[in-house]
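Enquirer: Please work from the sequences and hints to get the whole structure.
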Amino acid sequence: LALALAFAAAAAPAQPVEVPNWFAESFLEFPQDVREAAREGKRLMLYFGQDGCPYCKQLVQANLTQRAIVDKTRKHFVAIALNLWGDRETTWIAGRTMSEKALSRALDIQFTPSILFLDERGSVVVRLDGYYPPRQFEAVLDYVAGRHEGREPLSDWLKRVAKEPASPKLADEPFERSRLTELLVDG
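Using the numbering used here, the first residue of the sequence shown is number 5, and each one after it goes up by one.
Since the hints were made in silico from the structure, they are not lab data.
Source: prediction; values computed, not measured.
Every residue gets a Cβ at the ideal spot worked out from N, C-alpha and C, and that includes glycine.
Worth double-checking, as some hints may not be accurate.
[Unchecked claim] Calculated pairs, DSS-like style, for lysine-lysine (alpha carbon to alpha carbon, straight line, at most 25 Å):
no., residue 1, residue 2
1, 105, 173
2, 46, 76
3, 76, 173
4, 61, 79
5, 61, 76
[What the hints assert, rightly or not] So the derived label-pair ranges between C-beta atoms look like this:
no., residue 1, residue 2, range
6, 93, 69, 19 to 25 Å
7, 167, 36, 36 to 42 Å
8, 103, 128, 30 to 36 Å
Expert: Rendered as structure tokens:
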């Protein structure tokens with residue numbers, strides 16, 4: 005019975021990660037999407053995810069539910085979701101037509117979530133591979149929306165803008181306690 009349950013769990017389809025309803029419905033014709041976004045004063049944000057991806061779920065639940073992130077994303081970007089393994093037809097910037105999974109391969113998308121931010125000409129200005137926590141993700145939104153890519157590397161921007169505040173609490177590690185005890189006892 006245990007073996008049958010384990011097999012059934014392994015064979016169960018991965019749960020889809022639902023994106024927020026404010027993501028754009030698109031024909032996935034990216035030259036047109038870039039032009040339309042630019043007309044609105046926005047940039048394109050392409051989210052690549054896959055069903056069953058825990059970090060995609062984390063992005064949607066932890067980041068894309070925070071009011072500040074949602075407001076900035078909706079104000080400055082047209083967000084479009086793509087499935088890493090999807091079969092929908094896409095037209096990439098240079099006019100080449102391919103499936104979502106072929107586009108993922110062509111763009112060398114190896115991690116999910118991956119997010120590409122495109123400028124008004126359709127060039128990728130920032131690429132995020134993997135999950136970024138809310139503080140860093142919001143800083144990336146500010147960087148791309150503010151068009152800082154020509155003035156400062158993203159890594160420098162994140163070091164300066166998305167610094168984690170110092171914690172007044174010491175890390176509670178067993179080796180620290182034992183070493184402190186040693187110092188106090190041995191004097």
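Enquirer: Take the hints in turn and mark each one as holding or not.
Expert: Against the structure, the hints come out as follows:
no. : hint                  : result
1   : 105 / 173             : violated (46 Å)
2   : 46 / 76               : holds (11 Å)
3   : 76 / 173              : violated (32 Å)
4   : 61 / 79               : holds (23 Å)
5   : 61 / 76               : holds (20 Å)
6   : 93 / 69: 19 to 25 Å   : violated (31 Å)
7   : 167 / 36: 36 to 42 Å  : holds (39 Å)
8   : 103 / 128: 30 to 36 Å : violated (19 Å)
The structure does not agree with the numbered hints 1, 3, 6, 8 stated previously, though it agrees with the rest.
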